[in-house]
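Engineer: Residues per chain are reported as follows:
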Amino acid sequence: MRSATFVPASLGHTTPLNGLRALWAVVRREWMIFIRYPSWVVSLFIWPIIFPMGYILTARALSGVDGSGLAQFKLNTGLTEYVGYMAVGTMIWMWQNVVLWNVGGALRNEQMRGTLESNWLSPTWRFAYLLGASVPQLVSMLSMLAVSGFEYAFIFGVKFNGSLWLTMLVVLAAIPSVYGLGFAFASLVITMKESNAFVFLVRGIVMVFCGVTYPLAIQPQWMQNVAEWLPQTYIIHAVRSAALSTEGFQGIAYDLQMLLIFGVFWLTLGMLVFAWMERRARQTGAIGQY
Amino acid sequence: MSDIAIQAHQLIKKFPARGDSGNDKKPAGESAPAKKRSFWPFGKRAPKSMFTAVNGVDLEIQRGEIFGLLGPNGAGKSTTIRMLCTLLEPTSGTARVNGYDVVTQSNQVRRNLGTVLAGERSIYWKLSGRENLQYFAALYHIPPTVAKKRVEELIERIEIKDRANELVEKYSTGMRQRIAIAKALLARPPILLLDEPTLGLDPQAARNLRELIAQLKQEGHTILLTTHYMEEADQLSDRIGIIDTGKVIALDTPEGLKRRIDQKEVIRLELTGWHADLGDKLKGIAGIESLTSHQKGEADLWEVNMQAQNSRHALPRIVESISGNGTRLVNMNIVKPSLEDVFIHLTGKALRD
Numbered sequence: 001m002r003s004a005t006f007v008p009a010s011l012g013h014t015t016p017l018n019g020l021r022a023l024w025a026v027v028r029r030e031w032m033i034f035i036r037y038p039s040w041v042v043s044l045f046i047w048p049i050i051f052p053m054g055y056i057l058t059a060r061a062l063s064g065v066d067g068s069g070l071a072q073f074k075l076n077t078g079l080t081e082y083v084g085y086m087a088v089g090t091m092i093w094m095w096q097n098v099v100l101w102n103v104g105g106a107l108r109n110e111q112m113r114g115t116l117e118s119n120w121l122s123p124t125w126r127f128a129y130l131l132g133a134s135v136p137q138l139v140s141m142l143s144m145l146a147v148s149g150f151e152y153a154f155i156f157g158v159k160f161n162g163s164l165w166l167t168m169l170v171v172l173a174a175i176p177s178v179y180g181l182g183f184a185f186a187s188l189v190i191t192m193k194e195s196n197a198f199v200f201l202v203r204g205i206v207m208v209f210c211g212v213t214y215p216l217a218i219q220p221q222w223m224q225n226v227a228e229w230l231p232q233t234y235i236i237h238a239v240r241s242a243a244l245s246t247e248g249f250q251g252i253a254y255d256l257q258m259l260l261i262f263g264v265f266w267l268t269l270g271m272l273v274f275a276w277m278e279r280r281a282r283q284t285g286a287i288g289q290y
Numbered sequence: 001m002s003d004i005a006i007q008a009h010q011l012i013k014k015f016p017a018r019g020d021s022g023n024d025k026k027p028a029g030e031s032a033p034a035k036k037r038s039f040w041p042f043g044k045r046a047p048k049s050m051f052t053a054v055n056g057v058d059l060e061i062q063r064g065e066i067f068g069l070l071g072p073n074g075a076g077k078s079t080t081i082r083m084l085c086t087l088l089e090p091t092s093g094t095a096r097v098n099g100y101d102v103v104t105q106s107n108q109v110r111r112n113l114g115t116v117l118a119g120e121r122s123i124y125w126k127l128s129g130r131e132n133l134q135y136f137a138a139l140y141h142i143p144p145t146v147a148k149k150r151v152e153e154l155i156e157r158i159e160i161k162d163r164a165n166e167l168v169e170k171y172s173t174g175m176r177q178r179i180a181i182a183k184a185l186l187a188r189p190p191i192l193l194l195d196e197p198t199l200g201l202d203p204q205a206a207r208n209l210r211e212l213i214a215q216l217k218q219e220g221h222t223i224l225l226t227t228h229y230m231e232e233a234d235q236l237s238d239r240i241g242i243i244d245t246g247k248v249i250a251l252d253t254p255e256g257l258k259r260r261i262d263q264k265e266v267i268r269l270e271l272t273g274w275h276a277d278l279g280d281k282l283k284g285i286a287g288i289e290s291l292t293s294h295q296k297g298e299a300d301l302w303e304v305n306m307q308a309q310n311s312r313h314a315l316p317r318i319v320e321s322i323s324g325n326g327t328r329l330v331n332m333n334i335v336k337p338s339l340e341d342v343f344i345h346l347t348g349k350a351l352r353d
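Those protein sequence lines, which keep their order, are chains Y and V.
The numbers in this note's numbering rise by one with no breaks, and the one at position 77 of the first sequence is 77.
The numbers in this note's numbering rise by one with no breaks, and the one at position 209 of the second sequence is 209.
The reader is advised that the hints may include incorrect statements.
Only pairs whose alpha carbons sit at most 30 Å apart, straight line, appear in this in silico DSBU-like list of lysine-lysine [unchecked claim]:
| hint | chain 1 | residue 1 | chain 2 | residue 2 |
| --- | --- | --- | --- | --- |
| 1 | V | Lys258 | V | Lys247 |
| 2 | V | Lys148 | V | Lys48 |
| 3 | Y | Lys193 | V | Lys349 |
| 4 | V | Lys126 | V | Lys149 |
| 5 | Y | Lys193 | V | Lys126 |
| 6 | V | Lys281 | V | Lys264 |
Covered stretches of chain V, as calculated for chain Y (at least 3 residues, CB under 8 Å) [as the list claims (entries may be wrong)]:
| hint | segment |
| --- | --- |
| 7 | 106-119 |
| 8 | 136-142 |
| 9 | 184-191 |
| 10 | 227-235 |
Don't read these hints as lab results, they were simulated from the structure.
Remember, predicted model here, so these are calculated numbers, not experimental data.
All C-beta atoms in this analysis are idealised placements derived from N, C-alpha and C, irrespective of residue type, glycine included.
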């Protein structure tokens, strides 16, 4: 029966460097797949214009032909730049929305394609699949935010009076909260097999409570209390302060502090939910089920 | 180094029975209530009943052998394979792959295993064949210089060199399956788990793949193979385990298995106008031990196989039962039992059931 005289030995060696190479391979794979769908790349340039437009035109209509209604807007927000105000709110909303769909659906898409199981069978650290899939998504979203900034400055004449560096600092501080929620979501979707209802719920909550198109001050107190527990509230407020006003660091200090706390919370929760999902999948076989 | 590549001892896997809200529904396998308390506050949930997919599997696969695992759908082959490759955790029992425990040393197990589980679906269709192999080489922690050489070696070996840079979505099923096998071979693992590797391939592609599997055995790989094609199992396997209702019910060489029903004969009929009542009638004939039927390619032409201790005694009653009621006998043979017949004898089902 045994005709073999040579027993093959694995060529792989698990070292931290090889682990990093595996993570990089996931990033490259995801990026290559992304750019092979040209419509996704084109949408990076089109969506920032189309999506906030409805809200901006509504605001223009409500502010009156001569803009007389803007005085009330300034009273509530401290700003006159309502186009920039709407654009910032809707872009942050869109960022969270796209993260929920893309990062949140990253593992589920692999599961439905059939490739999740073949990834899971390798000796790579499994969180690398989620982390690696998030990096190209983060790059594309940051590009979209940058593109939208240019588009609003040059097409709509929005005056970004604030600081580019402070805006970038806020975006950086927002990443752990936005993606931590995405990680937790991605892990839950693997177990529940369905993401649509939850995405609609989360983005609806953000839209209503976080002041995407209106200042929090106009909400009833109970809604303002809810908004305080949502990191998107602080992201939107801080980006508006940093990009549109001249308040400087003082205007965003509290928001940054809250974003760091939320960031630690959501990243930890995201990783814990992932670990729970991984353990549960080993017991139920969920990885191979689609 | 031990001579045993894969070892499983009393491997059991239970799942909550699907769509079952209580214990009133008895699943096909053993049923046992799980003592899991729900945190759902509105009303009490009845305890779940459990479905036993694998029920005490014992296996010892020698180094360098091809071991065929056969069983009808739902018999527990895939669950067994998934436990061996660490995708599933056993409810109880132990398994070791290349000496490593599948639960406590799962990473070492994965390093020593090459797997083809979902065939063409296990690779990325939006990447080229070469990109797929480079990607999986990194996941298996193969150093870049070694990986580059290994990828090119495998591209040559599976004969896709001219099309290695094309996207996999443009490949045929056979080419995709070859990429999936090359992926499993990347790290040159000592043990390969091939789950239905020739499924969906045309006859020529399947033959080529079988040749490749035989070569891999010559190179020293231990191969655990599941297949729906009995001839394939017969041709490739050194030993075969037949699994049914979660248990290994027979384990021997293909010849050894066939010897088990050497004294029996298989009566093969081809007829038109087949109906279920006729099947019951034929099963009732003294000396007929098992019966399977399936429709052949042509319309209304059926093949019926029956195992009998002595065909000469049974034949007159068979012919008598068939005549009338619109049934017409087209052909009849007495044949030597094949591995398929062994399988039917043991499980009462054809492999594709």
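Engineer: Assess, step by step, whether the Cα of lysine 193/Y is no farther than 30 Å from the Cα of lysine 349/V, and give holds or violated.
Structural biologist: This hinted pair is violated, its Cα atoms lying about 34 Å apart.
Engineer: Hint check: lysine 193/Y vs lysine 126/V, CA-CA at most 30 Å. Holds or violated?
Structural biologist: 23 Å, holds
Engineer: Please count how many residues of the segment 106-119 of chain V have a CB within 8 Å of a CB from chain Y and say whether that reaches 3.
Structural biologist: Coverage by chain Y holds here, the residue count being 9 at a Cβ distance below 8 Å.
Engineer: Three residues or more, CB to CB closer than 8 Å: is that satisfied between the segment 184-191 of chain V and chain Y?
Structural biologist: Per the Cβ count (5), the hint holds.
Engineer: Does lysine 247/V sit within 30 Å of lysine 258/V, going by the straight-line distance between their CA atoms?
Structural biologist: At roughly 20 Å apart (the allowed maximum being 30 Å), lysine 247/V and lysine 258/V satisfy the hint.
Engineer: Check whether the Cα positions of lysine 281/V and lysine 264/V lie no farther apart than 30 Å.
Structural biologist: The hint holds at about 20 Å.
Engineer: Is the coverage entry for the segment 227-235 of chain V by chain Y consistent with the three-residue Cβ rule at 8 Å?
Structural biologist: violated (count 0)
Engineer: For the pair we were handed, lysine 126/V and lysine 149/V, check the Cα-Cα distance against 30 Å.
Structural biologist: Cα-Cα ~23 Å, so holds.
Engineer: Can you confirm whether the C-alpha distance between lysine 148/V and lysine 48/V stays at or below 30 Å?
Structural biologist: 51 Å, violated
Engineer: Quick check: the segment 136-142 of chain V, covered by chain Y? Criterion 3+ residues, Cβ under 8 Å.
Structural biologist: holds (count 6)
The structure is inconsistent with the numbered hints 2, 3 and 10, although it conforms to all the rest.
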